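Q: With chain L fixed as given, assemble chain D onto it according to the hints.
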Amino acid sequence: MTSMREPTVYLLAALAEGRQHGYALMGLIEQISGGRVELRPATLYGALERLTGEGLVQVAGEEAVDGRLRRYFELTNAGAVALAEQQERLNQAAEAVARGLRARAAKAATRLATFAVREVIA
Amino acid sequence: MTAVEGTADAGRLTIAQKRYELLMLSYPPSWRRDNAEALLGTCLDAAAGRRGGGPTLREALDLLFHGLTWRLRLLWPSDQTRRLAAALALVLGTAIAMTCFIAAEWQPGVAPRGWRIEPGHVGPFATLGPVIYAGWAAALLATLAGRAVVARRLLLGSIGAALVTNGASLMFFLVWMTTGRAIAHPIGGLFGLRRPPAAVIVLLISLALLGCLGRLAWRARERWLIGMATVVLTGLMLMMTRPAKSSRIWHLDQAFAFYRSSSSSGYHDLIRFQTHQVIPLIVLAAALAWRWHPEWLPATLILSLVSDPIFRLPDAYLANVDVFWTRAVGRSMYSDFNYDMLTTPLILVALMAAIWWRWRSGRPSAAMPQG
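First to last, the protein sequences are chains L and D.
Numbering follows my numbering, with no gaps: position 117 of the first sequence is 129.
Numbering follows my numbering, with no gaps: position 366 of the second sequence is 512.
Bound-form chain L, shown alone (with noise of 0.2 Å):
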């Protein structure tokens, strides 16, 4: 399994919600990554020019509005297992960082109580 880069994950991620055009996942991706990350025009179509070479992406028609082309994206299968893949690994990470930080919490509530215990004797 290898690692996507964030801003990867999230246009993945905003895709699988549907079909999307490119100033709508731009918006997306800003609003589910919490305003982290921001993809510029050039940006985005640059990783969705790659994600499409790679097979993950496909483009899923275009419109004309107001004048302007909008080309529509959306996730292809292959993409959605290498989605699934990612959420496997960031569980993995977020579980062990909950568990690293699990005991970290723990050894302190030892010292705190040793500590309280010696003053308590004293």
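The hints are simulated quantities; they were obtained by calculation from the structure and are not laboratory data.
Computed from a predicted structure; not experimentally measured.
Any given hint might turn out to be false.
What the hints assert, rightly or not - Computed footprint of chain D on chain L, listed as stretches where at least three residues anywhere in the stretch have a Cβ under 8 Å from a Cβ of chain D:
#1 27-37
#2 53-64
#3 78-85
Cβ atoms here follow ideal geometry from the backbone N, Cα and C, with glycine treated the same way.
A: Leaving out everything else, chain D in the frame of chain L:
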């Protein structure tokens, strides 16, 4: 929105559209044909969402960056071409390394008459060259054994060895370029050791970089071919050094006299002896730029084979050249001109003509994925 606001908006959008279109000129035409309209639509949607009109500075830089990256990507050769170039570079580089090693490095038994064992030799060898050549030989063996990653590391190692034995003096080369002062090789100055000619070093470094560009992983039958090609090419190059009929020692003063004589004399050798070695490299570079014409690569190999005799023409032929020029111009040219100076422009003109012809007949557009 009133009618006046609507007209103002339309006016702003037209200006914005023009600015975006101008920025998109950084993309290659083939890309623009398929994608520009969709990207422009998204840009205009974003601009309308901001109600700010034209592209922001960050958007503009983003467009320029991605456009220029696309152009570079079109120049970048395909995997297959890079693998082929890497294999040819390996064959050519190993053959050159082995030829230099066999024909010019061994000090006693094979040194031609009249050659002294120069001070500053490295054990039984004339120069530090075998350190670099060993990397090439090992890289070939690794490739033949199917160890592509090891082969690449060994090539990088040979580059490192070349830089370590010559690197310090590259600075002195700059001094020579700017001030015209030829400074003896600093490693030689520091340790009293000699180095191979800079022309050979530069050529081998360039070929090693080419060799690292593509994966050297080939099937067994092709590996066998690579090994055979290297052996045959080394043999041919050694034959060009012409073993003398009268004795069993190599008679090398035609092809390899410069190898030792230049080792202690700054970087004149880089300029004087590079032509017949660098021209095949130019062709190879052209082949990489013309990625849809892989047949340039075998042509390079052939040119590298024939260019040496072209540039080191036999004396008898040179005498005829001299007679020709004497008749044509009225006085002997041979004493005034190095024959390289006559031959090099001819080769370059032929190369330029070939490139121009290729350019005129039109570059096919690169296929671009939709989206």
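Q: Please go over all the hints and tell whether each is borne out by the structure.
A: Right, here's what the structure says about each hint:
Figure legend: the stretch 27-37 of chain L, annotated as covered by chain D; annotation consistent (3 residues with Cβ-Cβ distances under 8 Å, at least 3 required). Counting residues of the stretch 53-64 of chain L whose CB lies closer than 8 Å to any CB of chain D gives 9, which reaches the minimum of 3, so the coverage claim holds. Coverage of the stretch 78-85 of chain L by chain D holds in this model, with 5 residues showing a Cβ closer than 8 Å to a Cβ of that chain against a need of three.
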